[in-house]
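Please model the complete structure; the sequences and the hints are all you need to start from.
Quick mapping for you: the protein sequence lines, in order, are chains P and D.
Reading the first sequence from the start, the letters are residues 16 to 524 in my numbering.
Reading the second sequence from the start, the letters are residues 16 to 524 in my numbering.
Each hint should be verified, as a subset may be incorrect.
Computed spacing ranges between beta-carbons, pair by pair [to be verified]:
1) Val-431/D x Ala-49/P: 53 to 61 Å
2) Lys-306/P x Asp-480/D: 52 to 60 Å
3) Tyr-309/D x Leu-418/P: 32 to 40 Å
4) Ala-195/P x Gly-408/D: 43 to 51 Å
5) Asp-74/D x Gly-307/P: 48 to 56 Å
6) Arg-135/D x Gly-164/P: 46 to 54 Å
7) Arg-156/D x Pro-102/P: 36 to 44 Å
8) Gly-413/P x Ser-335/D: 22 to 30 Å
9) Arg-347/D x Arg-313/P: 53 to 61 Å
10) Gly-154/D x Arg-313/P: 28 to 36 Å
11) Gly-408/D x Ala-228/P: 53 to 61 Å
12) Pro-165/P x Arg-423/D: 38 to 46 Å
13) Pro-165/P x Asp-74/D: 53 to 61 Å
Read the hints as simulated data drawn from the structure, not as lab findings.
Since the structure is predicted, the reported quantities are computational estimates derived from the model, not experimental observations.
Note that the Cβ used here is the ideal one computed from N, Cα and C, for glycine as well.
Protein chains: 2
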Amino acid sequence: MRRVIGLGCIAAAASLSAAGDSSAQSDLIREVRAYRSAHEVEIVRELVEFLKLPNVAADEPAMRRNAAALVELMGRRGIEARLLETPGVPYVFGELRVPGAVRTILFYCHYDGQPVDPERWTGQDPFEPVLRDRALEAGGRTIEFPSQGPFDPEWRVYARSAADDKSPIIALLTALDALAATGARPVANLKFLFEGDEEAGSSHLGQVVREHAKLLAADLVVAADGPRDPSGLPTLYFGARGIITAELTVYGPVRPLHSGHYGNWATNPAMRLAQLLASMKDPATGRVLVKGFYDDVRPLSDFERQALAQAPDDDGAQLSEFGLAAPEAAGRRLELLNQPSLNVRGLRSAWVGDQARTIIPDVAVASLDLRLVKDVRPQTQVERLISHIEGQGYLVVGEEPDLDTRRRHPRLARVVASRGYPAFRTSMDLPMSQALIAAVEGHTGQASVKLPTLGGSVPLYQFTDVLGVPTVGVPIVNHDNNQHSPNENLRLGSFWSGIEILAAAMLLR
Amino acid sequence: MRRVIGLGCIAAAASLSAAGDSSAQSDLIREVRAYRSAHEVEIVRELVEFLKLPNVAADEPAMRRNAAALVELMGRRGIEARLLETPGVPYVFGELRVPGAVRTILFYCHYDGQPVDPERWTGQDPFEPVLRDRALEAGGRTIEFPSQGPFDPEWRVYARSAADDKSPIIALLTALDALAATGARPVANLKFLFEGDEEAGSSHLGQVVREHAKLLAADLVVAADGPRDPSGLPTLYFGARGIITAELTVYGPVRPLHSGHYGNWATNPAMRLAQLLASMKDPATGRVLVKGFYDDVRPLSDFERQALAQAPDDDGAQLSEFGLAAPEAAGRRLELLNQPSLNVRGLRSAWVGDQARTIIPDVAVASLDLRLVKDVRPQTQVERLISHIEGQGYLVVGEEPDLDTRRRHPRLARVVASRGYPAFRTSMDLPMSQALIAAVEGHTGQASVKLPTLGGSVPLYQFTDVLGVPTVGVPIVNHDNNQHSPNENLRLGSFWSGIEILAAAMLLR
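Right under this line is the structure:
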């Protein structure tokens with residue numbers, strides 16, 4: 016890393032192109048591309064080996080194997096990485112210092128993935144990566160990982176965390192390799208923080224940020240998590256929704272009862288749960304009917320509204336892709352993501368299908384997630400939900416109720432909430448925000464999609480609200496990656512351009 | 016079987032006792048009791064061996080092992096049993112002819128059981144019977160099966176079909192043994208028909224009844240299935256609800272979507288399903304809101320209403336036992352069972368608990384059972400349900416919808432119904448009904464609970480409507496037997512008195 020990139024590079028790439036016209040790229044990004052093109056086999060191999068390590072956050076020994084692999088991967092790039100221990104899964108931290116640097120960028124990713132249900136994956140184990148010649152939904156078939164390039168950009172790697180969030184880590188490390196190969200040197204110090212329990216709620220991030228405030232000090236946090244805009248354009252999100260989850264249990268008889276001998280008489284908790292959930296949302300407008308649900312929402316600024324208006328509108332294409340005839344609520348998707356949500360993420364009561372039994376269930380459970388936007392506090396939102404349930408005539412308890420409680424309360428529900436975390440939002444007009452936009456757009460030669468709020472949740476408020484550092488997300492993976500679901504995947508073309516986008520971010524001045 | 020029982024026996028027992036005063040029993044039933052008391056170990060051993068045979072109807076080889084065991088059990092009593100073949104699981108038929116008999120009684124039971132979920136059974140395999148010193152819910156502990164009697168009547172045998180419906184079969188066969196030991200001989204020919212796919216919907220019973228109409232000809236069918244009244248009194252049910260089941264699937268996106276990136280915008284099928292189910296029942300009254308749901312119900316006769324009024328009212332005790340503060344609808348349980356019902360027997364959408372993922376599910380499923388009463392036809396009731404769903408704005412399909420259908424219909428549901436079968440009801444004032452009441456009450460010396468309608472479903476309309484034979488249920492097992500659920504059990508005291516009740520029914524004149 017010998018060459019410090021001058022302003023000229025950006026100036027050369029100042030004519031932006033939304034079509035990805037390669038002539039609009041900076042020379043450096045052209046060199047990054049050439050590097051990647053010459054090393055596709057090794058890059059994919061490194062990714063695949065990393066994906067083979069099971070990474071469900073609850074399995075701490077498995078997570079430590081991932082952390083050790085990260086230390087090794089970073090060591091290959093001359094970064095002396097270290098573990099930041101927590102009471103659970105450790106964080107992995109490393110940095111590259113640049114003599115005379117006037118900026119420090121902290122890159123954040125997470126190396127854990129969502130839990131898996133291997134039976135719902137198509138023809139593979141979630142931790143045995145598979146290459147397909149296109150998306151499964153488009154009829155993609157398994158192909159061998161080739162021993163030499165080029166890889167077709169439409170090929171996809173299927174595995175848990177292929178998109179969320181291991182490939183951005185490999186993209187970051189590859190961007191370092193590529194920049195080193197070009198001889199270019201970033202003008203900013205680069206720090207890397209990789210978290211191991213983001214999907215489990217990031218319960219230790221606050222502690223790590225406070226304990227290691229000096230180590231993590233930076234002028235800008237860049238989070239490489241989340242999906243890119245469906246247009247494929249470089250995407251920058253300046254905020255993300257927070258989240259709190261709540262499990263709601265409605266009680267019926269202490270044991271399942273024969274639906275013949277007791278049906279019409281014994282309370283059915285599945286029907287009660289349905290009635291309770293139905294009371295929470297207006298079916299016509301999609302608006303949440305919980306009192307105060309939208310009270311604290313901070314309105315978008317003119318700047319943010321304008322950025323949204325300029326973002327591509329792909330709602331029609333997405334509806335079609337998902338087999339949906341209409342959205343749940345009126346309005347553009349990107350606008351609706353700036354509102355809090357109430358989502359039924361799972362239902363369970365007794366059995367269905369071949370396993371169904373003619374019984375009145377003993378309990379019915381709904382798992383909810385509440386997404387939060389700037390200024391809506393997690394606990395407050397759950398308290399509103401509980402008040403709503405109480406308003407429907409329920410006694411709401413926090414523990415499994417005893418027999419006496421069940422006998423005394425005809426409507427009885429239990430709500431168990433996670434700790435949750437709030438949304439964050441960084442102003443788009445801050446100098447560091449503008450510098451990042453300039454670096455990404457300047458080097459890639461493409462207009463970026465700038466979102467005030469990413470719909471998904473990342474606990475980046477710890478950086479903005481605790482460390483006080485502006486934080487922006489730079490997601491790189493394809494939007495249709497089946498994140499959090501079976502058959503999670505990474506489109507290689509998105510991975511390739513993602514390496515370029517992250518290299519561009521590293522070149523921020 | 017040499018002695019024909021004279022009218023005197025019944026006359027001697029004519030003073031009825033609801034308290035089970037043993038002095039009110041007929042001499043013959045006293046002898047039946049003495050026989051049982053002397054043979055408890057053998058009787059329980061025979062039951063336990065029979066319960067060890069897995070008997071889920073879908074497993075035909077297993078069911079044939081059960082049928083072979085039945086042929087063997089009947090052979091021990093000198094009944095040359097035969098299999099009545101169907102395209103699936105066979106029926107087992109046998110008879111005992113009495114010279115000069117002027118009546119024929121056909122006893123019906125089923126030898127299959129509900130599917131099992133072994134993980135939800137407490138400390139045992141459902142097909143490895145366990146003896147407990149009282150009900151699990153009352154803290155019952157496992158004890159060894161003793162090698163000599165007497166058995167405490169509060170002891171319970173836990174196993175699938177311990178109550179539903181293998182123990183009544185053993186009780187019938189034991190009643191034959193006991194009557195033979197007394198030297199008494201029934202005045203009626205006794206036929207036995209044991210079905211092997213009742214829990215799977217009795218799809219071949221109609222065929223068997225038609226093909227073997229002459230073989231099965233009888234003056235009365237006595238079905239020994241279902242639970243006894245909670246009072247423990249002899250119970251006779253003159254009808255039973257029919258049933259049809261329907262699985263309702265509501266569609267969302269073709270695959271689960273990240274609830275952050277799409278929540279508030281992509282339709283959530285779990286919420287839609289909740290709204291749809293909620294539209295089906297009035298939460299305040301428990302009345303089903305499906306149009307026409309109660310239209311065809313045949314009202315109870317004065318005779319039936321009077322019998323119901325005389326039945327013990329145990330609703331308060333049952334509410335307390337089940338940990339319920341109030342019933343779902345106003346009215347006595349035994350009255351409500353004379354109305355059709357709509358029961359949500361299971362719900363499933365994505366995942367809850369530790370397995371929950373922050374997604375918008377792709378589908379949500381509710382499994383429903385609709386109980387039917389006299390004159391309400393299964394198909395008609397399902398058509399009403401479908402019309403209701405259409406009235407909520409849904410396109411209702413029968414097959415898995417294709418992508419194009421999903422794209423065109425914002426509200427899309429699939430309903431798959433079973434064939435179902437109707438209710439039956441035998442008039443309580445028919446001569447054969449009265450003769451059965453006289454035999455049971457006369458010999459046991461107890462008032463009986465006479466129900467127009469058993470809440471549970473048994474496909475006995477095949478006997479009443481196809482063969483034209485009055486049909487009455489004589490259930491013997493404890494009401495709290497966890498029928499159709501994990502931890503199904505038989506209280507031995509109920510089994511003992513059940514042997515006496517069925518012996519009394521065999522003595523019908």
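Hint check results:
1. Val-431/D x Ala-49/P: 53 to 61 Å: holds, 57 Å
2. Lys-306/P x Asp-480/D: 52 to 60 Å: At 55 Å between Cβs, range holds.
3. Tyr-309/D x Leu-418/P: 32 to 40 Å: holds, 34 Å
4. Ala-195/P x Gly-408/D: 43 to 51 Å: violated, 60 Å
5. Asp-74/D x Gly-307/P: 48 to 56 Å: Between Asp-74/D and Gly-307/P, where Cβ atoms are some 54 Å apart, the hint holds.
6. Arg-135/D x Gly-164/P: 46 to 54 Å: Holds, since Arg-135/D and Gly-164/P (Cβ atoms, about 53 Å apart) stay within the stated range.
7. Arg-156/D x Pro-102/P: 36 to 44 Å: holds, 40 Å
8. Gly-413/P x Ser-335/D: 22 to 30 Å: About 25 Å separates the Cβ atoms of Gly-413/P and Ser-335/D, which means 22 to 30 Å holds.
9. Arg-347/D x Arg-313/P: 53 to 61 Å: holds, 56 Å
10. Gly-154/D x Arg-313/P: 28 to 36 Å: Given range 28 to 36 Å: violated, Cβ gap about 56 Å.
11. Gly-408/D x Ala-228/P: 53 to 61 Å: holds, 55 Å
12. Pro-165/P x Arg-423/D: 38 to 46 Å: holds, 40 Å
13. Pro-165/P x Asp-74/D: 53 to 61 Å: Holds, at about 54 Å.
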